[in-house]
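Participant: Protein chains in written order, with the numbering used here: chain H, 14 to 327; chain C, 405 to 886.
Some hints here could point you the wrong way.
[Unchecked claim] Covered by chain H, per the in silico footprint, the following chain C stretches (three or more residues, Cβ under 8 Å):
(1) 425-433
(2) 442-449
(3) 846-859
[As the list claims (entries may be wrong)] Covered stretches of chain H (in silico footprint by chain C; criterion: 3 or more residues with CB under 8 Å from a CB of chain C, positions within the stretch not fixed):
(4) 37-45
(5) 277-291
(6) 294-308
Derived from the structure by calculation, the hints contain no laboratory data.
C-beta: ideal position from N, C-alpha, C; glycine also.
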Amino acid sequence: MTSDRKDATGDIEAIRKGFETRGYICNAHIATSIFLAEKLQKPLLVEGPPGVGKTELAKATAEMVGKPLIRLQCYEGLDEAKALYEWKYGKQLLYTQVLKEKLGDLMTGAQGLKESMARLHDFDDTFFSEEFLEPRPLLKALWQPGGAVLLIDEIDKSDDEFEAFLLELLSDYQISVPELGTIKARTAPIVFLTSNNTREIGDALKRRCLHLYIPFPDTDLEQRIIAARVPEMEERLRNQLVAFVQGLRQLELKKLPAVSETIDWARTMVLLHARELDADLVRNTLNVLLKFQDDIDNVDGEVNALVSKAVQAG
Amino acid sequence: MSEVLGDFIRALRAADVRVSTSESIDAGNVIDLVGFNERETLRDALSQVLAKSDDEKQAFLETFDTFFAFDQFKEKPASVNEPAANENEQDEQADGGEGEEGEGGESSGADGPSSPGGGGQGGERQGEGPRPRDDLVSLLERGDQAALQMALAEAARQANLNRIRLFTQRGMFTRRIMELMGLDGLNEEIERREQARNTDGAAQLMQAREELRGQVRDYVEKQLEIFTANSGRQLREEVLSKMRLSNVDRSDMRIMRELVRKMAKRLIAMHSRRKKIARRGTLDVRRTIRANIEFDGLLFHTIWKRTKVDRPKVMAICDVSGSVAQVSRFLLMFLYSLQEVLPNVRSFAFSGELGETTEMFERERLEQALALVLRDFGGGSTDYGRAFEDFQSLAMNDIDHRTTVLILGDARSNYGDPRADILKLVHARARRVIWLNPEPRSMWNSGDSEMRRLAPYCDRAITCASLKDLERVVSDLLRTAV
Chain H
14 MTSDRKDATG DIEAIRKGFE TRGYICNAHI ATSIFLAEKL QKPLLVEGPP GVGKTELAKA
74 TAEMVGKPLI RLQCYEGLDE AKALYEWKYG KQLLYTQVLK EKLGDLMTGA QGLKESMARL
134 HDFDDTFFSE EFLEPRPLLK ALWQPGGAVL LIDEIDKSDD EFEAFLLELL SDYQISVPEL
194 GTIKARTAPI VFLTSNNTRE IGDALKRRCL HLYIPFPDTD LEQRIIAARV PEMEERLRNQ
254 LVAFVQGLRQ LELKKLPAVS ETIDWARTMV LLHARELDAD LVRNTLNVLL KFQDDIDNVD
314 GEVNALVSKA VQAG
Chain C
405 MSEVLGDFIR ALRAADVRVS TSESIDAGNV IDLVGFNERE TLRDALSQVL AKSDDEKQAF
465 LETFDTFFAF DQFKEKPASV NEPAANENEQ DEQADGGEGE EGEGGESSGA DGPSSPGGGG
525 QGGERQGEGP RPRDDLVSLL ERGDQAALQM ALAEAARQAN LNRIRLFTQR GMFTRRIMEL
585 MGLDGLNEEI ERREQARNTD GAAQLMQARE ELRGQVRDYV EKQLEIFTAN SGRQLREEVL
645 SKMRLSNVDR SDMRIMRELV RKMAKRLIAM HSRRKKIARR GTLDVRRTIR ANIEFDGLLF
705 HTIWKRTKVD RPKVMAICDV SGSVAQVSRF LLMFLYSLQE VLPNVRSFAF SGELGETTEM
765 FERERLEQAL ALVLRDFGGG STDYGRAFED FQSLAMNDID HRTTVLILGD ARSNYGDPRA
825 DILKLVHARA RRVIWLNPEP RSMWNSGDSE MRRLAPYCDR AITCASLKDL ERVVSDLLRT
885 AV
């Protein structure tokens, strides 16, 4: 046990490095959660404001562990037919037609109804077997040989019933198909759930998951992220840009710019061949960063102060 | 599960973090995985298993920092420094102690069976009760802080310090821990030295004893703080929520505000799930076919289309005149919180004139908004007739069959015509009219109260004097909103 413990820090560091080589920059906290999710075989519920890289985390993990990423986007009205499995009706119908005559052959010589029934029973489940099952993301993740990374995106958008339905999958990695019985995972998948907190997730679900909250990154982390994602940007401009965005997050805005917006903005700057942050440039490109006209209007007055502060910091 | 973890979870629960049994087990597994060696890693890891919302994360971090802070002995000046390396057994103990530097190591002193470095001696120590007197004496003389810390933690465990609940228990626990650490032996030794005219030695030990006492007291204080972090506040909240709103003291305003906010949040969390009802008569073809595949396409089991139920539209009218000033502060507070979480709340305030306060609540912070409302609408003499007239011109057209109208006031109209006819109109259009009166029912209809004339046009007219009442009413309102 003691040796395991010593490895833990090393393992976590290795995970962080692994992410870094794949362009996903994160801190030890996030790496720890991946480590735990893998070791404890528990689903990981990731919360945080939009655009901080929740979905990206699942993608990076899939790439790192070398397993396919299976993604289920949640929305209102999502039900098990779309999330779990569906019968291939067409195929079933076709087979029934084709096999009709065979069925006649089968029945010939049967004495009375009882025996015909008995003969039929022998072939009972032919049409409700795995052959005719169309796996949807959840079932696919369970069936994937060698395991998979399952991403259940924006769980808060789905209905309560669906949330409850997930409980069996998340705690035991198995699901029940009435016609077939219980299907267990061949290899337990690594499960990510993301939520933007548009509604409170149920306690039962939370209890089964590890819980990770990803906040906006601090200056240092954000600089590293931009460096990794937009490597062609000069360091000086990068520092200014990050300082500006960090300053922007201190303001009262409807929607604060997230990392994804910072990256977009950095790309814009590179396209415009900008070398230095100045107030006009910022004003002209502010719509990349802010998505509400109200916010843009509000920030307009502050731009000069923020820019000069950012230039100093850079 | 180790005892440290148990204590930690108890401390978390005291700090309002809900930890279920299965989560405790997870936490045990996490500790097996990451161990006590890296404080940061342990904190990160445990926070993901035990704290599952923003508030809880915050509380977790605070509790973690206080709980795993073992610094009593570190600040102590190294006054007692005589090496007494003639007793083997103690040497071992000292080594064990020194080997486990850092918070994690020390905490595991109380960890008994699973303490990492202390296998042998831990077993020996357990259940042994007070250890030989010379133990403590030599520990003090050597000034071995790590070992002292471990001895203290172990004594605290035996004394069941984690059961401490009241500050009056501090003295008792301090004494008991001192005794368990070997106070008697220490006293005897001091006496013996005095008799042997070794005054220096005796004085030195006495000083060490006093220092130790101080440290133990600090430790007990800290534990008390950890395990009862919230109980005082919880008690006060409990009392306040049942107290009549008009009797709440101004000094409790801050707590009340917090309570109101919490309550609104809880209500919304409970009712935010959008309800669906079946619309009889419209078949949901897709779902029906899907459901009947197992019957070979025969439609045994029909599924009907369902419509979502919209959240209730609420219009709240709040009396802010002098007679209900105390209560209206809370009602406004509650309205404000409600408006933050419910999308369709329009609020109005009046004493003489009535005006809409929806925007004010949206724009301003709570204190500011309350002050503004009271300035603009408060203080005048109540005139329900006028207020209803204003309400009619402002909002009557927006009242429809989904609107709930909530009126908060004492119905004392200074003998003016309360214009019950307008309320009748409102009642006819609205889904529901609810009147919350801060006065007890026996006071209704006395003096200038017009409840008798107004109540017939309310679907419900009830007394609402405390936060508990308010919560019940609003919960009801949200639940039955169809």
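Participant: Does each hint fit the structure? Answer for all of them.
Facilitator: Going through the hints against the structure:
1. 425-433: Contact hint for the region 425-433 of chain C vs chain H: holds, 4 residues under 8 Å.
2. 442-449: n = 5 at 8 Å, threshold three: holds.
3. 846-859: Violated - the region 846-859 of chain C has 0 residues with a Cβ nearer than 8 Å to chain H, which falls short of three.
4. 37-45: holds (count 3)
5. 277-291: Answer violated; 0 residues pass the 8 Å Cβ test.
6. 294-308: Violated, because only 0 residues of the region 294-308 of chain H bring their Cβ atoms closer than 8 Å to Cβ atoms of chain C.
Of the numbered hints given earlier, the model fails hints 3, 5, 6; all others are met.
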